[in-house]
Every structure is written in structure tokens, then in C-alpha cells.
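What follows is the residue order along each chain.
There are 2 protein chains.
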Amino acid sequence: MVIWNPSSWLPQNHIRRVSTSHQTQLRRLHQKQMAGSIGMMLRDLNLETVESLPEDFDPTTLINDPLPPIANDASHINGVKSINGKEKPREIVLGRNVHTTCLEVTEPDADDEVTGEREAYMASVLARYRKSLLERTKHHLGYPYNLDFDYGALSQLQHFSINNLGDPFIESNYGVHSRQFEVGVLDWFARLWELEKNEYWGYITNCGTEGNLHGILVGREVFPDGILYASCESHYSIFKAARMYRMDCEKVNTLVSGEIDCEDFKAKLCLHKDKPAIINVNIGTTVKGAVDDLDLVIKTLEETGFTHDRFYIHCDGALFGLMMPFVKLAPKVSFKKPIGSVSVSGHKFVGCPMPCGVQITRLEHINALSRNVEYLASRDATIMGSRNGHAPLFLWYTLNRKGYRGFQKEVQKCLRNAHYLKGRLTSAGIGAMLNELSSTVVFERPQDEEFTRKWQLACQGSIAHVVVMPNITIDKLDDFVNELIEKRAIWYENGKLQSPCVASDIGKSNCLCVLHK
Amino acid sequence: MVIWNPSSWLPQNHIRRVSTSHQTQLRRLHQKQMAGSIGMMLRDLNLETVESLPEDFDPTTLINDPLPPIANDASHINGVKSINGKEKPREIVLGRNVHTTCLEVTEPDADDEVTGEREAYMASVLARYRKSLLERTKHHLGYPYNLDFDYGALSQLQHFSINNLGDPFIESNYGVHSRQFEVGVLDWFARLWELEKNEYWGYITNCGTEGNLHGILVGREVFPDGILYASCESHYSIFKAARMYRMDCEKVNTLVSGEIDCEDFKAKLCLHKDKPAIINVNIGTTVKGAVDDLDLVIKTLEETGFTHDRFYIHCDGALFGLMMPFVKLAPKVSFKKPIGSVSVSGHKFVGCPMPCGVQITRLEHINALSRNVEYLASRDATIMGSRNGHAPLFLWYTLNRKGYRGFQKEVQKCLRNAHYLKGRLTSAGIGAMLNELSSTVVFERPQDEEFTRKWQLACQGSIAHVVVMPNITIDKLDDFVNELIEKRAIWYENGKLQSPCVASDIGKSNCLCVLHK
Chain V
1 MVIWNPSSWL PQNHIRRVST SHQTQLRRLH QKQMAGSIGM MLRDLNLETV ESLPEDFDPT
61 TLINDPLPPI ANDASHINGV KSINGKEKPR EIVLGRNVHT TCLEVTEPDA DDEVTGEREA
121 YMASVLARYR KSLLERTKHH LGYPYNLDFD YGALSQLQHF SINNLGDPFI ESNYGVHSRQ
181 FEVGVLDWFA RLWELEKNEY WGYITNCGTE GNLHGILVGR EVFPDGILYA SCESHYSIFK
241 AARMYRMDCE KVNTLVSGEI DCEDFKAKLC LHKDKPAIIN VNIGTTVKGA VDDLDLVIKT
301 LEETGFTHDR FYIHCDGALF GLMMPFVKLA PKVSFKKPIG SVSVSGHKFV GCPMPCGVQI
361 TRLEHINALS RNVEYLASRD ATIMGSRNGH APLFLWYTLN RKGYRGFQKE VQKCLRNAHY
421 LKGRLTSAGI GAMLNELSST VVFERPQDEE FTRKWQLACQ GSIAHVVVMP NITIDKLDDF
481 VNELIEKRAI WYENGKLQSP CVASDIGKSN CLCVLHK
Chain H
1 MVIWNPSSWL PQNHIRRVST SHQTQLRRLH QKQMAGSIGM MLRDLNLETV ESLPEDFDPT
61 TLINDPLPPI ANDASHINGV KSINGKEKPR EIVLGRNVHT TCLEVTEPDA DDEVTGEREA
121 YMASVLARYR KSLLERTKHH LGYPYNLDFD YGALSQLQHF SINNLGDPFI ESNYGVHSRQ
181 FEVGVLDWFA RLWELEKNEY WGYITNCGTE GNLHGILVGR EVFPDGILYA SCESHYSIFK
241 AARMYRMDCE KVNTLVSGEI DCEDFKAKLC LHKDKPAIIN VNIGTTVKGA VDDLDLVIKT
301 LEETGFTHDR FYIHCDGALF GLMMPFVKLA PKVSFKKPIG SVSVSGHKFV GCPMPCGVQI
361 TRLEHINALS RNVEYLASRD ATIMGSRNGH APLFLWYTLN RKGYRGFQKE VQKCLRNAHY
421 LKGRLTSAGI GAMLNELSST VVFERPQDEE FTRKWQLACQ GSIAHVVVMP NITIDKLDDF
481 VNELIEKRAI WYENGKLQSP CVASDIGKSN CLCVLHK
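For the record, the sequence lines run as chains V and H. Counted the way the working numbering counts, the first sequence spans residues 1 to 517. Counted the way the working numbering counts, the second sequence spans residues 1 to 517.
What the hints contain is simulated information worked out from the structure, not anything from laboratory work. Honestly, I wouldn't trust all of these hints.
For identical chains, the list gives no copy identity; a pair is met inside one copy or between any two copies.
[Said to hold, decoys possible] Simulated crosslink set (DMTMM-like; lysine to aspartate or glutamate; CA at most 25 Å straight-line): (1) K197 <-> E107; (2) K332 <-> D274; (3) K496 <-> D248; (4) K332 <-> E486; (5) K496 <-> E483.
Please read these numbers as outputs of a predicted model, since none were measured by experiment.
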């Protein structure tokens, strides 16, 4: 039997804050315990008796009332009216703190466990919330999220704290992980984008932004003095990266379709011929779903005198990175071309309860990066440290069930339905644009915030869009268009008022205003 | 009735890649459809008939076989033996791609839906995986994750794609979010760290690293030419931030306890008196659980001539940020002191299926940051764009159930059990260190990788640690210590061989090697 030696209670290490009286207390505790046995100690330390701590048990003495004072109510700050007041039109103003809606966390009453009141209250909050989610999910059209998934088979795993901390290819001692699933998913994507299994490195990210942050960082580490080029319709995370990483950045103009304008790209390249180029190529822009012409971007670089060892291309494939491979006419996203990295979101075309993404890059680039990282004693080449281990399970499950062929079918369905939507809009006299390789239908911004919010349309300036995802059926599109037509009759007083011109956003040929129809 | 106008099928916008033959195809399709009605169109476009697409349906023609060629098997690359071969001791080598374990994603067979074979296969994989997670969860000691949670009440929400994209205080049009829960959780933490409701800004992050990346970024935006100071025992994400953000960084020495050495800090500060200071303060270091003396850090800054408008302090409270407020002797983490931000992990002391964290900063700092961000047309002041909407639900649920008082009890239990563990180790002649305010017990690294892996101990150099979390019972600690004692008898041949000296890691007074006992 192992004998318990209570002398170990005395802090022997260097702790500067141990006061003499504290040491005396510990000694008294020690003396009390000398008389005891392991059995007694265990009883003393038992979980059930944790409330009956000896008074002089220190340094772990706890403060008497742990409740911090309540701060002032701030629901009326910043000049915005409270929840129940009449709401102002929302503005995007950063750096504010407005409690438009807040489900306060409250301290349990002492008798809550007996009365069960707290459990009942929380269950009712969650039930109401679930109902609102059902309604909101039903009317969603504007964001590129596939809301159609059933992960019931995985709900048994929600009880585990699954964490793929650090690198997917370096196991940590933490055993509750899902790396075996993650690597399977990464292999699938590497194959999709034509990079050999032993030549890629990648990981499952928290969202598209993390993929972009990683891709641009790898580019910067490969070319520390490189200039970042990105079209002005690139996702805002690209410009966030430029600022975070202190990189010089050239914004390149776009065509009306939303694609990068390679004439302007060439002109911008010529300004910095002495510096390597790091280029973000959009495989589907956020607003118009425009696919930058990767081949033309590469040709432009070559023509301007940039050899392959002087540029790094990151492909932001947030949504379309998973759709393009299944469309014949699409410029192929492939590592057989001189590209450095591709990222795609997992919660978009695949569908997932929480945001996630996939980032694939060349192993050689990570070798370059990680030499630097090792010097800093970092354990990983990812942006985040702890990483959600459930996301790989969701992706693995869907990829296995659908396969490449299943995705092909869904891409087909989305492109057809997007064409259907554009057809219905234009036939109703509503100007609309649909890029050839896209399922994003762009049209005039509805005049009514409530309508926009009901259908959860994403808006920018005077345009809005619907992204046709696998869960968007023809029936839903019909409901939407019919309601839009009804509403427009009210907004424009049955044609007495003119609908706005959106030619500058979607092109004259797509605009159906008085001037352009 | 709205008349369907198939002319809208013709792409009218500027698309450069449309070939003439493609346009001809579209026109043919158009002519075919002219004869039809909406009813026919709907049938044609019906989900069920998606396979029977007309041959000339273009631009959405899909490639015939979407399966990319299979890449080479890479399980033997990089000189590491395969799964079944004898394993080498693992090294932390970044930039590799080793498929030690991989659950391949395979393409479904055509008849899978009929035979149900695929479903059966996947169910068996998941059942085996669940069993391994149960076993791994049972034997986990080394990482600061509370594995004891029950979110059964929330499983009904797993069917929704919940995404709090962007800022918690700026609603997006995407309706399937949980901002009302997120703001409730943030309020709770702002109250804990004593910042008024209308003076804080914050968000729920993906992990502790994201909190640190955000805190250091805010510091850099407040002081663009500031020098980053962090003790060498800071989490590696701090040094990752320095590299990412291109900041000058001074590593400060630590005391043997792991705390920042303020003598050295003062010396380093004096080297850069002309530049503002951005300081990372550890509220619990990763390896030794040492709590930097926040008050001494502030005093050192003041004594060196740094006024409050010339420094920014970020508190990395990954684990202890939520424990310290409940310990009387602990230096208080409070925004009443001149600190800029505090971050804490949500999956650590609270416990959560996936990693998450909370970041709280002063609203005034975010105002400074967001002025710059707006110029870049970014929609948010967070690091990530899309954000996991389930994490706020988990945190809201636990905070509501436990309350400040519940956490206080758990902190009490952890500190007691950590003292118990240290006592059992030293009484068995195993040198161990436990910082006063910590539940992290540090001791000699076990000689046997298998043992380390079984108990999932985190190791660094010649030391290992156990972090006593709420789910670690006395029984589990007893099992662990008893097995360690048995194993040591084998490793050190019942005392014939000497156990290693760890005085340089945990201090002479804690070491129990031949020389120091």
C-alpha cells in the first residue's frame, strides 16, 4: 500500500506570494492530516463533501460571494432604440455594442435543482428558438449555405470534446480527435484539385476566411516582399489579410460580370515588376458569383514577365471551388497549373451545422513556412490552435454518402434552378444577371427591408442576390418570385413609379429599367 | 399568372467564354422550350428527373465521369513506417504529410442505396469510433479540457446551420444565427472581468488562439509601432501572432514557477523606451499553469516610465481566466486595471464539444480598429468571418445552469484534487510542482510513450503535466498514480536505476532525484 505523505501539502517551490500566515495555516492543516490515513483524506476530499472545507484550507480559499456587481443596462446606448421600440433602418457601423436582442444569463436560485424551474425555463427558451430556426431556415435564399443535411447518425458524437489541435498530420497526445477522418477528407479534396497525395498539405479550417488567411500567409512567407493583387470584388477577408500581414496590396478592377479585369491586372503588375506577385483568384465572387479566369490570370503574369518562381496564386473557392470541377466549361482549378493553394468552405455547398472549410496547399510551401515556424517553437502550421474535430466528421459523412457523382448531380440541379429563377425574374420585367458558371442570381435590391429580411437576401448597394443551393427547390423560388412581384406592384404603384436602374451593377444588357429595357 | 419567358435563358451579360456553338445550343434549347408552359418547365426541371437532362443543355453540361484519377498511395513517404509496421518514436516535425491513420472517403456504388451496404459500413465505422472516444475520454488527464458535459437538450439544434457571421452586435440578413445567446454570454464575461455593459466589445471565438490573435492585433492597431513583450513560457500562438503581424517581439525570461520575470521585463523595456509596449500577460501558462503577476507587470511598466497611454496589456486567460475570479488570493483580472483585452477558452473549464473561446476588449479600442477596417470595406472586426453559432448555445446553456456559484464550486474541487495529486506523487518519491493558483501538476516525463499516450499527458522536454479539471475524480487520480508507481518500478528496476533530475524545470525544492531529495 502506498503511504500518503502529507508533507507534500507544503508548497516547496518558489512562490513569491506565499505569506507567512498562509504557511502557518498550511502547517496546521498538515498537522491535522498527520493523524489521518488515505481513507480519511479521500473522505475529506470527496466530491460530495466539497462544501464542508476546513476554514484554514488555503491557498484554495474562495471568495465568499462570487457574483460580480451587475453592470448598467446598455440597451439604449449609441442612440439606437430598444428591442420593442420602433426600429431604425440598420446601418453597418463597426465598433458598436448594441444589445438589440440578448438572452441574459442569470444566476440559478439556490432551490432551482429542487423546483426544476430553471430547467423548465431553459427548455422553453430552446423550444421557441428551435421554432424560429425552422421558420428562418425555410425562408432562406441569400447566403450560399446548403441548409439541407441530416447528421442524425452523428448526434451520438456530440457528447465528446473532439479536438484536432495543431497539424492534421502530427498526432498530439490528446486522444479525443478525428484526424483519421480529417485526412480522409483532405485526400478527397486533393484528388479533386489534382494534387498527389504525397505532395499536398492541408487542414480543415473554421471557415472560408481562415482558408484565405492561410493561403495569403503562405504566399507571403514564400515571397516576403511580394505585392498582393486582388480584384476589388474579392471577399473582404483578402483585404483583412493584407492589413493583418502588413502587405502592400493592389486592388484590381473588375468587369461588369464581377470577374477580374486582366487588362487592369497587367497595368498594375507593370507598376511593380521588381517585386514578386501574390494573387488572389476568385472561384466565385461573394456578390455576383463571378469566376475569375485562372488561365488568363496565369497568361497575363507570364506575358508581363513573371516566371513561375516569381508568383504565388491563392484560389478562393469559397462556394464554387466544389462546384466548378463538375462543370465542363469551367476553367479547371487544378494544381497541375502553377497555383499555390485552394480553399473552399464546407458549410456552403456540402452543408454543415457550423462553418468550416478545407485548405489545400503544396507540401513544399509548408516546408518553407514551417522552417520559420519551428524557429518560433510553434507546434503547427495552421492559423488556429485547437481545431473543431466535429467538422471533419460532418464532411467525411457527406462526402462518403454523396461521392463525386452525388455532388455532380447537385451542381446540375443548382445551375438549372438558377437559370429558372433568372428566367422568372426577367419575364416579370425584373432585370437580373446570372454568370454562366454560377448559381448566384443578381437583381435590384427590394425596396422593403422586411421583405429582404424575410427571404434573408444578401444586399450590396442597389443590388441583392439569391444563391441557389441544393436545398432551394423550384417551389420555393416560385413562392419568392410571386411575392416579389406582388410587393413590387405596391412599391412602384403598379408601374406608376419607375423601378431603379441597375445597369452599372449588372450591365445594360441585363437591366430592365425604363431606359434599358 | 406570370408568363414564363424563356428568352431569359440566353446569357445577355458580358461573358467572354461563350463560344458560338454554345450559343447555338442555347438557342436550340430556347426553341424547344418556346413550345412549353410553366408546367412543362417545372416538370423538366424537377428534382426527380434531374438525370434525364437534354443533351444540349449548356452551359451547365457536366463532365461525363466526375471521378478524378486516384493519386498514389503515400503511406510510406517521408521515411516513416506504415501503420502496421513497428512505429518509431514520434517527432514534432512540421511540414509533413504522413497518413498514419486515414479513413478513406470512397465513391458510393451505383446500387448502394438499394443494398444499404454503404449505410451499414458507415454505421459500423462510427460505432467503432464512438467506442474509442469513450475509452479515450475515460483516460484523459493531460489537457485542460473539461470532458464532463451533457448537452442532450441542445441536440435538437444540430440540424440547423447556425452562423453568427461577422460582428455579434451587427445583425446580418442571415436569419439562422444565435446572436441573442452570444451577447448574453458576452455580458456574463464582461461582468466577470468588471467591464460595464456599454463599454465592452467582444465575440465568441473558435479557440484560445483566435482570442490571442485578436488581442495582439487590437494592441498593434492601437500602437502600430509597439513592441510585443511576452514571457518565453507564453502560448505559442503569441509568437505566431508576432510573426503574422510583423511585429518586433521581445521574449522575457521566466522564474522557475513559470511566471514572467519582471526584473528581466524591466531590462527589456529599457531597451525600447521610445516605443509603446504591447504585453501578453499569462493567466495560467500552458505547461506549468503559472499566473503572471498582473499587478507587478503594471507596476514595472509604470516604474520604467510607461504611462497608461503608452502600453496595451492582453491577458491570455485560456484556462485560468475563468478560474482566477473565484480564488481569493489570485491577482484579479479586471478591466478596472489598465488592461486592453482578456481572452479565455470555452472548451476548457466550461467544457464544450468543439473548441471555442471568449474575447472581451474595450469598445474604444474596437472603434480605433474599425475605423481602419471600414476603410478596407470589411464587414467585421473579428478575425474569422463565418462564425460557429452552436458554441454560444453551449456556453449559454452551461453558464445558465451553473452560474458564478457553480463555477466557484468546481474551481474549489479542482484545486483540492490537484493538491491531492501532488501529495500522492511526492509521497511516492516523484518530484512534482503545483503553482499556488493552479490545478496543473508538473512532474517527470514518464519513460514509456505508451503510458504517456494512454493517459494523454502533455509533455515538454523532460516534464509532463496533469491538468486537474472538473471531470477528474480522486478515483481516476488514484488509478493513474498507482499505475505510474508500478511502471516506475519497472523503468527504474525497483530503484536500481536513478530517476531523472528535473530541478531545472520545477526547481530544486520540488525535485526528488538522488541529488535533491
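Evaluation of the provided hints:
When the C-alpha separation of K197 and E107 is checked against a cutoff of 25 Å, the pair qualifies only between copies, where the shortest distance is 17 Å, while the shortest distance within a copy is 52 Å. In the homo-oligomer, the alpha carbons of K332 and D274 never lie at most 25 Å apart, since the shortest distance is 30 Å inside one protomer and 53 Å across protomers. For the identical chains of this complex, K496 and D248 are neighbours neither inside a copy (50 Å) nor across copies (64 Å), given an alpha-carbon limit of 25 Å. Neither within a single protomer nor between protomers do K332 and E486 lie at most 25 Å apart by alpha-carbon distance, with minima of 41 Å and 60 Å respectively.
Taking the shortest Cα distances, K496 and E483 sit within 25 Å of each other inside one copy (19 Å), while across copies they are farther apart (85 Å).
Going down the numbered hints, you'll see the structure goes against 2, 3, 4, while the others check out.
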